[in-house]
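Protein sequences, first through last, are from chains A and B. For the record, in the first sequence the residue sitting at position 87 is 87 according to my numbering, with numbers rising by one throughout. So the number in my numbering is just where the residue sits in the second sequence, counting from 1, plus 1000.
It is worth saying that the hints were derived from the structure and are not from the lab. Be aware that one or more of the hints could be misleading.
Claimed, not checked - Pairs of lysine to aspartate or glutamate, DMTMM-like flavour, derived with a Cα cap of 20 Å: (1) B:K1071 / A:D104; (2) B:K1091 / A:D104; (3) B:K1071 / A:D121; (4) B:K1091 / A:E37; (5) A:K101 / B:D1094; (6) B:K1005 / A:E16; (7) B:K1056 / A:E37.
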Amino acid sequence: MTTDRNVKLTVPALPEYVDLVRLTLYGVATKMKFTFEDIEDMKVAVSEACNNAVLHAYGGDQGEIEVQFNSSVDELSITVRDYGRAFRIAESNETPSLHGKSIDEIQSGGLGLYLMQALMDNVVVHQDGGTVVTLTKKRMKSEETA
Amino acid sequence: MPNNKFTLRTENREGQTVVFLSGEFDLEVATQMRTTMEPLIELTDRRLTLNLHDLKYIDSTGIGILISIVKARHARSASFDVEHVPTHILKLFDMTGVTPFLAKAE
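Make a model of the complete structure from these sequences and hints.
As C-alpha cells, this is what we get:
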C-alpha cells in the first residue's frame, strides 16, 4: 500500500515550457486527489523553481530541467533539477515579502523562494553541479484544516 | 494550452484605461505584458486599472511586474488599481504583501 509512484519529465529550460510542468503537476496531483487549493499552491511553487532554472542556470545557453513527481500515500514530492551553474538562491533569512514596507522600499524581485516556502510544507535547495529544489506537499485528510 | 493562453485587452473609458488580463500570467508572457503596459503607464492624466476577473494563474514574475507598475505610477503621481481579483490570486497577493499597494484589490 505504500508503493511510491514516479512521473518524470524533462523540458528545455525555456519560459514556454514551464506550463508543461504545471500541466503535468495538475495531472499527478489530481490523481492523488489533492484539493483545488493545494494544486494551485503547488502550481505556483513548482513554476517558481522552474523559473529560477530558466532564468539563471544556463546563462543563455541551451539546457534542460528535469522534474520528478514522487507520489506516496500521504504526500507529493516534486524535484526540480538543472545542470547549470549554481545560482545564489537567497540564503538570508530576511523575509523578502512586502509586509510592513512602504512603496519606496518594495522591490519587484526575490519573491520566488519566499512563495515556494509559503506554499509548500517543505522546501529543500541543494546545489552541487547544478541546482536541485525539492518541494513537498502533504495531502490533508480533511479540507477543513484552516 | 486550452483556455489558459494569456491575453490582454485594453478598454478606454472616460478618464480611465482598463486592461483585462486573462489566462496564465507567467514568465513566458512577461515581455508582452511589459510592452503593453509601458505606454499606458505614461498616461498620467488617466486612471489605470487592471481587471483580473479572467486571470487563471500568476506567479512571482507577474507579481513582480505589478509591483513595477505600482512604483512607476507612484513616481508619476498617477493612480493604479486592480479589480475583480480571483480568490486564489488574492491569496498570493496577501501572502506576498502586495495587496495594500493595489488600491482596489478585494
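Provide an ascending list of the numbers of those earlier hints which the structure does not satisfy.
Numbers 2, 3 - these are the hints that the structure violates, sorted from lowest upward.
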